[in-house]
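S.K.: The lines below spell out each chain.
Number of protein chains: 2
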Amino acid sequence: MSTPLDVVGVGNALVDVLSLESEDFLAAHGLVRGSMTLIDAERAHAIYAAMGPAVEVSGGSAANTLAGLASLGGAAGFVGRVHDDELGQVFAHDIRAAGVEFSGVPATTGQPTGRCLIVVTPDGERTMNTLLGAAAELDGDDVDPSFVARAQVTYLEGYLFDQEAAGEAFQKAAAAAHDAGRLVALTLSDSFCVERYLEPFRRLVASEIDVLFGNADELRLLYETDSVEDAVASAERDCDVVAVTRGAQGALISARGRRAVVPAEPVDHVVDTTGAGDLFAAGFLFGLTRGYEIERCGRLGALCSAEVISHVGARPETSLAAVVADHLP
Amino acid sequence: MSTPLDVVGVGNALVDVLSLESEDFLAAHGLVRGSMTLIDAERAHAIYAAMGPAVEVSGGSAANTLAGLASLGGAAGFVGRVHDDELGQVFAHDIRAAGVEFSGVPATTGQPTGRCLIVVTPDGERTMNTLLGAAAELDGDDVDPSFVARAQVTYLEGYLFDQEAAGEAFQKAAAAAHDAGRLVALTLSDSFCVERYLEPFRRLVASEIDVLFGNADELRLLYETDSVEDAVASAERDCDVVAVTRGAQGALISARGRRAVVPAEPVDHVVDTTGAGDLFAAGFLFGLTRGYEIERCGRLGALCSAEVISHVGARPETSLAAVVADHLP
Chain A
1 MSTPLDVVGV GNALVDVLSL ESEDFLAAHG LVRGSMTLID AERAHAIYAA MGPAVEVSGG
61 SAANTLAGLA SLGGAAGFVG RVHDDELGQV FAHDIRAAGV EFSGVPATTG QPTGRCLIVV
121 TPDGERTMNT LLGAAAELDG DDVDPSFVAR AQVTYLEGYL FDQEAAGEAF QKAAAAAHDA
181 GRLVALTLSD SFCVERYLEP FRRLVASEID VLFGNADELR LLYETDSVED AVASAERDCD
241 VVAVTRGAQG ALISARGRRA VVPAEPVDHV VDTTGAGDLF AAGFLFGLTR GYEIERCGRL
301 GALCSAEVIS HVGARPETSL AAVVADHLP
Chain B
1 MSTPLDVVGV GNALVDVLSL ESEDFLAAHG LVRGSMTLID AERAHAIYAA MGPAVEVSGG
61 SAANTLAGLA SLGGAAGFVG RVHDDELGQV FAHDIRAAGV EFSGVPATTG QPTGRCLIVV
121 TPDGERTMNT LLGAAAELDG DDVDPSFVAR AQVTYLEGYL FDQEAAGEAF QKAAAAAHDA
181 GRLVALTLSD SFCVERYLEP FRRLVASEID VLFGNADELR LLYETDSVED AVASAERDCD
241 VVAVTRGAQG ALISARGRRA VVPAEPVDHV VDTTGAGDLF AAGFLFGLTR GYEIERCGRL
301 GALCSAEVIS HVGARPETSL AAVVADHLP
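Chains as they are written, first to last, in this note's numbering: chain A, 1 to 329; chain B, 1 to 329.
For the record, the hints were derived by calculation from the structure and aren't laboratory data. Think of the CB as a built atom: it goes at the ideal place given N, C-alpha and C, for glycine as much as any other residue. Some clues are possibly wrong.
[Stated by the list, open to error] Pairwise CB distance ranges, derived in the manner of DEER restraints:
id, chain 1, residue 1, chain 2, residue 2, range
1, B, 125, A, 84, 32 to 40 Å
2, A, 109, B, 110, 19 to 27 Å
3, B, 24, A, 207, 43 to 51 Å
4, A, 84, B, 40, 15 to 23 Å
5, B, 42, A, 84, 15 to 23 Å
6, B, 33, A, 96, 20 to 28 Å
7, B, 105, A, 52, 19 to 27 Å
[To be verified] A partial selection of chain A residues facing chain B, derived with a Cβ cut-off under 7 Å:
id, residue
8, 36
9, 39
10, 52
11, 53
12, 56
13, 57
14, 94
15, 97
16, 315
Isolated chain A (complex conformation) (with noise of 0.2 Å):
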């Protein structure tokens, strides 16, 4: 069980609930078009109750990261905490069926498996409530340093902010992987997610990362700028690696000084977004770990984020092997 790893991530273990629903739904329940927001029990059972037939597919942003790096033929880790009830045993075949090494072990004690309610718009944008559960107890204790140090690239998840005591476990991981000479990835995941910890995000990103992912408004919140140029600047002054993705405009990436900007990938009906970041993560990183050049993990990062917004849920159908072959030979 050492075999090498490419990438290692540490997230959030999710189940997602994803029904389409008309704009109206939004503003009726309150909900903020395209965010993340934390939800207790009673606000997800309100929310649920509201919500039309729904798909429960497993989710997790970091989760659904890894889920693609091995789609892509990737050696790929998931460190990530499920309850053992039906929808854990749901999230933990789902990401070893992918071909992801998942650490868990199931908790028999503490909260239910955590779910995100994801209400998808009629033009494909998701707003995701997310009732943490289980995901919420994820400590130190669930970090082995052995599993992170067979990873080339530790990827950590914004979103795990959200939760106190996460951030030990993102700083064992982090020193785990530095001190077996590796690299660490973060992917800011959430605007709200940034501005709500902003100093523990500075902290991290300056003394800790070396690839940092994040769409426009995220970097600019987490460098207080309005221009993305400032923000990218400041973000290469923390860290080799930096990818920004804008959505149809494509991605903006910058290594070691040196900038490439690569076009997202045309998709005929984008149908729900809901991943579209997390496997942009999975094809840039995937990339990376081979030694490619920022243009080619750009684009492998554009062609795995069209695949999953062209379906509902956030991890691939279809092999994102299969996929470059045909479109990145």
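Given the coordinates of chain A, assemble chain B onto it according to the supplied hints.
M.R.: Okay, now just chain B, sitting in the frame of chain A:
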């Protein structure tokens, strides 16, 4: 709560767990292509462990039909048994969110909510492995005669024959319907099921069934003949209305001696045939309860069936009322 209903279904309350697998998967795991097999928990564990990443969507044959009927604008009710667990909550949420009145109270004792492990092969064919769980405990006590009496048609799912106590539920529901001057419909569900329970099926069809649904194989097995024509002629003696589905060849309908052939609705790409027969019944029953001509009933069935086989999962993803308005105004 005593508003009239168009159709009440009595069936297995199941959550479907679907994954896309290669043809080889069937042989490797001893699965009979296109069939429904009842499995125990141990076998379910083994099949699930072998399946790739899956999607969970509410299912159950009659439950799918009633969800379809509601999507068409019909007034639908459902009788089935779930446990008070996460999958039971998923089932109850989804059927209510589909607009179906669900009479069930989740059981707090007995087995967990039932699930159907569905392997979908590249041609869209589905092979089903059902762990009935709580659904196997449905009995006469679950049937409220006053609920059944509210519906023009009581629709029974043949799969229920795989459970001993369900016979009692069938008899009670059929008696309540007939006492109220209502119709009783049955779907034969599965040729293996017909073979296993030939005599009880024959008795039920001859004595209680007004509207019979089945495919050509099921009808031939029921009447022990190689000739579809002979089987239909026998069914016509037993039932007022007979609807025989024949896949891409379309449906043969017979009502009080008058026959019609209805072509299948063309589908660009068959993704997953799960629910094809269930949704045919939905469209057909919707038409029947509105007093439409049998040709139109059949065409409604074909349209609903076409919607459900064009995506993964056995419940409609779009408003069937809108599909009908577009295609069969």
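S.K.: Now tell me, hint by hint, if it's right for this structure.
M.R.: Okay, the hints, checked on the actual structure:
Separated by about 34 Å at the C-beta atoms, residue 125(B) and residue 84(A) satisfy the suggested range of 32 to 40 Å. Under the hint 19 to 27 Å, the C-beta atoms of residue 109(A) and residue 110(B), about 25 Å apart, fit the expected range. At about 50 Å, the beta-carbon gap between residue 24(B) and residue 207(A) stays in the expected band of 43 to 51 Å. The beta-carbon spacing between residue 84(A) and residue 40(B), approximately 21 Å, falls within the hinted interval of 15 to 23 Å.
Separation of residue 42(B) from residue 84(A) is about 18 Å and conforms to the stated range, judged on CB atoms against 15 to 23 Å. Separated by about 26 Å at the C-beta atoms, residue 33(B) and residue 96(A) satisfy the suggested range of 20 to 28 Å. Roughly 23 Å separates the CB atoms of residue 105(B) and residue 52(A), a value that falls within the hinted 19 to 27 Å. With its C-beta approaching chain B no nearer than about 22 Å, residue 36(A) sits outside the 7 Å limit, and its interface hint is violated.
With 7 Å as the threshold, the beta carbon of residue 39(A) stays out of range of chain B, its nearest partner Cβ sitting at about 16 Å, so the hint is violated. For residue 52(A), the suggested interface contact is upheld, since its CB lies about 5 Å from the closest CB of chain B, less than 7 Å. Of the supplied interface hints, the one on residue 53(A) holds, with its beta-carbon coming within about 4 Å of a beta-carbon of chain B, less than 7 Å. Nearest Cβ of chain B to the Cβ of residue 56(A): about 4 Å, under the 7 Å cut. The hint holds.
Here the hint on residue 57(A) is kept, as its CB sits about 5 Å from the closest CB of chain B, short of 7 Å. For the restraint placing residue 94(A) at the interface with chain B, the shortest Cβ-Cβ distance is roughly 4 Å, inside the 7 Å limit, so the hint holds. With a least beta-carbon distance of about 5 Å to chain B, the hint placing residue 97(A) at the interface is held under the 7 Å criterion. This hint holds: residue 315(A) has a C-beta 6 Å from the nearest C-beta of chain B, less than the 7 Å allowed.
In this structure, the earlier hints numbered 8 and 9 are contradicted, and the remaining ones agree with it.
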